[in-house]
Each structure stands twice: as C-alpha cells, then as structure tokens.
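Chemist: Sequence:
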Amino acid sequence: MTSTLQTLAGSEGFPRVSLFFPTHPTYPECQQDPIRLSNGLKEVERQLTQAGWRESDVAELVAEAAARDKDDVFWQYQDEGLAVFIEPGSTRWVKLPQPVPELTVVANRYHIRPLIPILRDKGRFHVLAVTEEGARFFNGTQEGLRQIRVPDMPESAEKVWQRTEFDRDVGFHARDRGQQVGGTDTPQFAALGESPDDYASIVLDHYTRDIAKAVDAHLANSEAPLVLIALPRTLGYLAQHLEYRRVVPDHVAADPGPLSEAELHGKTWPVVEPVLTKERTELRERLRNHVEGEVPDVTRNLEGIIKATEEGRVDTVFVSAGETVWGIYDPTYRVIRIDHAASAENEDLLNFAALRTLAQGGDVRTLPEDVREQLGPVAALYRY
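Letter by letter, the sequence shown follows residues 1066 to 1449 in this note's numbering.
None of these hints come from the bench; they were simulated from the model. Cβ atoms here follow ideal geometry from the backbone N, Cα and C, with glycine treated the same way. Any given hint could be a false lead.
Calculated pairs, BS3-like style, for lysine-lysine (alpha carbon to alpha carbon, straight line, at most 25 Å) [what the hints assert, rightly or not]:
id : residue 1 : residue 2
1  : 1160      : 1278
2  : 1107      : 1135
3  : 1278      : 1224
4  : 1343      : 1332
5  : 1343      : 1278
6  : 1135      : 1160
Across the chosen pairs, the derived CB separations fall in these ranges [said to hold, decoys possible]:
id : residue 1 : residue 2 : range
7  : 1345      : 1168      : 23 to 29 Å
8  : 1315      : 1173      : 14 to 20 Å
9  : 1125      : 1223      : 43 to 49 Å
10 : 1369      : 1072      : 45 to 51 Å
11 : 1354      : 1115      : 18 to 24 Å
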C-alpha cells in the first residue's frame, strides 16, 4: 500500500477528488453500494459546479467512476470499504478491509487520512485457508475473522483438473490396463486422489498457482500480514507461488476444511499477533520516551514538522484520528496560518503533513491515544 499512498501523495493540482464509503461483501447488502457511489459523485458535481466547472467537464472527469454504477460483478466482489481517487485522466480504486464513513473531498490534494488507521496502523491481517475442495479468504482482527469473496478464485482442485491439459504420458494409468473400458481403446484415468503422485502434483501446482494469482491481485493495495493455513503439501505450493510480500513465515499446518471462522481465528491469531505488535510497539515506545524527555528526535510542532518533511528529515509522522487543523502553509516563507474553520482557501494541515511525509519516503501512523494529551494532534520521529 505504501506505493499507492506515495503515488497519491505526489499528485497535486485541482481537482483531486477523494471518495470514501462503506461497502458490503455479501448479497443483498451490496446492492446499496452503487447508490453510495452515485451520491458521492453528485456531491463532486455540486462542488465543481460551484467552482465554475461546466457540467460536460465534470461528466468527463467522473466518467470511469460513474460507469461502475451498473457493473454488478464489480459490486459483488467488494471488501468492507472503498476509496476512490479521481483526477483528470485517472481513477484509482482502493478496497478497504473495514468500513469507512461516507466522505467526499474535492481539493488541490488527495485526502488520505481515513486510510491511515486502516492501512498503516498494523492492526489487521488476512487469512488464506486452502483445501482441495476450495479456498477461503478472510480479513482478521484481534476480535475475529470475516470471510471475503476474492475475484477469480478457483472453486476447487477438481475444477482446475477438469480444465488442465496434461502431457500424454505424465503419470496417468488406466483403471483396467490392457482392457477396453467403455467400449474404446482410450484408458479411463483415475479420479483425483487415486492417480500417481506426479499427476496429483501437477493438479495441485495448477490449483495453488491460480489461488495465488487471485490473492495477489486482491491484495495489491494491502500491507497487512497474510497467514496461510493448509495441509503441509499444499502450504509448500502456496508459499512458492504467492508473490505477496507480507506472507507470515510461520504457516499453520492443519486441515482448515472442517474449521469454523472462530476456530480458524484461534489457530491464526497466535501466529500473527507478534508480527502485528512488534513494529507498532517500537514506534510507540519512542513516543512515550519523548513524553518522559528521553528522546531528542521527536517534535510536535506542526510548522516544524512540515518544514522537516520538505527536507526529507521525517521518518514517521503521527496524526490524531479525531482532530483536524485547518489552515494554510506558505512554502515561500515556510510558515503556517491556523484557521478556526474550513474554507475554500485552506486545507487540513494534518493531511498535508501526512502527504508531504509520504512524498519524501516517510511513513504515517495514527497518534496513540495514550500520548495524544501530552503531544497534541501531531508528532513526528525524525531521521536526523
């Protein structure tokens, strides 16, 4: 997800449209999701019309997004939230593993703050549970799992077997070698699971390759850890084919077929929990040490943070989840002006600080509640 955030952070100019709304991975709830998109696009039209845009220009800008309104397949394969980022000539869709409030922002820069707690705070993970009978994919938190439909996921190993072409002599054997079966000289091959090892291996290889391709595409905008649970042989093929870089090395070697969501969570949470907490704990400890006056490379001065982002000195910026600081940053004099309310001229300076940090290769996180009172709405860890 970092590359997506950095791409968004590097895009400036009017208009930059940011849409957020909850979606639903199940029917019939998903039928309401296109309506939410339409409502957001109507708000975009209203704001751009007020800014002097012609209706035809607005229609051209949002044409790709508006076309999704009638795409039933698209809405059937959603996660729990969706972000849409639109600029002239480009529309970017980001599926989110948790719901987000409906929000429409039209500005000179993209609004990314709703993404920070979801995609950068390391509190979520994914689970891929695979048997020969099918694959199940889940989003997870400490509280539990929620199953998500993944586009192009193969139904089963048998379905893959039925459409796979094999070399003529690759380990096949006839049920009745040397005899005519079914009135022909064509050998009748054993069913899946009754064939030699090389035959079963080819089927499993194709099956897991198709699963990996579907999962890699689904997780293109994610950085959450992925836990694999399957029998050992299947795990080996999955680990070989998956390109997703956040696969947890400690797989769960078990048959997930008969396991409920609660049972799957019980097996996968102990594996992923240390991965989720390690980096977050280290960053928060540095912030807590600053509160106690022990670390010199932390600041909470917003103007100083924005200046430092332009110099590439910010390693991580933390922004409050529940506060907004309206104002303007003057890059010529390198000063900020704080306003009491939003206006057509100003912007959310916490969002601006996050964008500038990402554009310079830094990271963004939500400011922990236990240090927010001492640090205010923003803090940063410096590289030097």
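Chemist: Does the structure keep residue 1160 and residue 1278 at a Cα separation of 25 Å or less?
Modeler: holds (17 Å)
Chemist: Is residue 1343 within 25 Å of residue 1332, Cα to Cα?
Modeler: Cα-Cα ~19 Å, so holds.
Chemist: Do the Cβ positions of residue 1315 and residue 1173 conform to the proposed distance bound of 14 to 20 Å?
Modeler: violated (45 Å)
Chemist: For residue 1125 and residue 1223, compare the CB-CB distance with the range 43 to 49 Å and indicate the outcome.
Modeler: With a Cβ separation near 47 Å, residue 1125 and residue 1223 satisfy 43 to 49 Å, so the hint holds.
Chemist: With the threshold set at 25 Å, check whether the alpha-carbon distance from residue 1135 to residue 1160 stays at or below it.
Modeler: holds (18 Å)
Chemist: Are the Cα atoms of residue 1107 and residue 1135 separated by 25 Å or less?
Modeler: holds (16 Å)
Chemist: Do the beta carbons of residue 1369 and residue 1072 sit within 45 to 51 Å of each other?
Modeler: violated (27 Å)
Chemist: Quick one, are residue 1278 and residue 1224 close enough, alpha carbons at most 25 Å?
Modeler: Holds. Residue 1278 to residue 1224 sits at ~16 Å (cutoff 25 Å).
Chemist: With the threshold set at 25 Å, check whether the alpha-carbon distance from residue 1343 to residue 1278 stays at or below it.
Modeler: violated (29 Å)
Chemist: That 23 to 29 Å hint for residue 1345 and residue 1168 (C-beta), does it hold up?
Modeler: holds (25 Å)
Chemist: Tell me if the beta carbons of residue 1354 and residue 1115 are separated by a distance inside 18 to 24 Å.
Modeler: Check failed, 48 Å falls outside 18 to 24 Å.
Hints 5, 8, 10, 11 from the earlier list are contradicted by this structure; the remaining hints agree with it.
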